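Position one of the sequence shown corresponds to residue 1 (the UniProt record's numbering), numbered consecutively onward.
Calculated from the structure, these hints are not laboratory results.
Values in this document were obtained by computation on a predicted structure and should not be read as measured data.
It cannot be assumed that every hint is accurate.
Simulated DEER-style distance windows between Cβ atoms [unchecked claim]: (1) Val82 - Tyr184: 20 to 30 Å; (2) Ala126 - Ala146: 19 to 29 Å; (3) Thr123 - Arg71: 39 to 49 Å; (4) Arg227 - Pro116: 18 to 28 Å; (5) Arg81 - His207: 19 to 29 Å; (6) Gln85 - Pro65: 32 to 42 Å; (7) Pro116 - His229: 19 to 29 Å; (8) Gly170 - Ala126: 28 to 38 Å; (9) Arg227 - Met12: 19 to 29 Å; (10) Gln27 - Pro65: 17 to 27 Å; (11) Val188 - Glu93: 45 to 55 Å; (12) Glu93 - Tyr184: 36 to 46 Å.
Beta carbons: idealized from backbone N, C-alpha and C, even for Gly.
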Amino acid sequence: MNLVRPAAVAGMFYPGDAATLARDVQQMLAQAEPTPLRPKAIVAPHAGYIYSGPIAASAYALLKPLSQTIRRVVLLGPVHRVWVQGLALPEAESFETPLGRVPIDHEAVVAIRDLPQVEVNATAHAMEHSLEVQLPFLQTVLEDFALVPLVVGGATPQEVAEVLEMLWGGDETLIVISSDLSHYLPYVTAQQTDRDTVRHILSLDAHLLGEQACGAHPLNGLLLAARRHGLRAQLLDLRNSGDTAGDKHQVVGYAAIALTEAGHVH
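Hey, can you work out the whole structure from these sequences and the hints?
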């Protein structure tokens, strides 16, 4: 039996119609201006596409030249609805969006599921949007890949980094961290706060707090692993909902960041 995790936020965070979704994602990618980087990992936001889609697209546009190279995507995002203490895998064998199904990498799941900080929790994945909103971008820029989807609750940076180490692989493996930045601050305050947070991320400082980035737990784990592997972080885009489709009284911050191994440009 092939257990499918169906789309939970199609029609809310992004278009539920496949043709509209495909067109919107292609348009956002076309408007992005990718730099010649070959990322090992990217950080992308996870709000509704009208708010954060263009910022996410600046990270995903980098992957087009790697469409035939990347075969596995390790996707980590924060829990918004169901708390888990560590990291949670789904029960599903594939994730579905209007653009089709993405298979779960069974080998990778077997490699990490016995770690003490990893559990299988279908409920934590059922309505979680932080992973799902990344999938249409991945489905558009990559040709054939399997997914390792992990929602992250109270895991320490060391616990997340240990999971990433076991799945690090080579050029065939991409790591994606799903995270927004500050939430519901006034526009100018948010700009200052987010610029400061990005400075910490670019220096691979694995001590981010939840008020700086809602994906602080998975992000800290990546930054710890990135430091060990000598990765360099580069800012691709930094905006907030006041710049895209929201008012400026209370905004949510979004950044797109690429982390590359030394010397890895196309």
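Now for the hints, and whether the structure bears them out:
1. The hint said 20 to 30 Å for the Cβ distance between Val82 and Tyr184, and at roughly 22 Å that hint holds.
2. Our hint of 19 to 29 Å for Ala126 and Ala146 holds, since their Cβ atoms are close to 21 Å apart.
3. Evaluation of the 39 to 49 Å hint for Thr123 and Arg71 yields a failure: the beta carbon distance comes to about 29 Å.
4. Checked against the given bound of 18 to 28 Å, the beta carbons of Arg227 and Pro116, roughly 23 Å apart, stay inside it.
5. Restraint check, Arg81 to His207: a C-beta distance of roughly 26 Å satisfies the suggested window 19 to 29 Å.
6. Distance hint check for Gln85 and Pro65: the Cβ-Cβ separation is about 39 Å, which falls inside the suggested range of 32 to 42 Å.
7. Distance hint check for Pro116 and His229: the Cβ-Cβ separation is about 23 Å, which falls inside the suggested range of 19 to 29 Å.
8. One distance hint, 28 to 38 Å for the beta-carbon pair Gly170 and Ala126, holds here, with the actual separation near 33 Å.
9. For the pair Arg227 and Met12, the beta carbons lie near 37 Å from each other, so the given range of 19 to 29 Å is not met.
10. At roughly 20 Å, the beta-carbon separation of Gln27 and Pro65 lies within the given 17 to 27 Å, and the hint holds.
11. For Val188 and Glu93, the hinted distance range of 45 to 55 Å is satisfied, since their beta carbons lie about 47 Å from each other.
12. Checking the proposed 36 to 46 Å range against Glu93 and Tyr184 shows it holds: the Cβ atoms sit about 37 Å from each other.
Violated hints, listed in ascending order, are 3, 9; each of the other numbered hints is respected by the structure.
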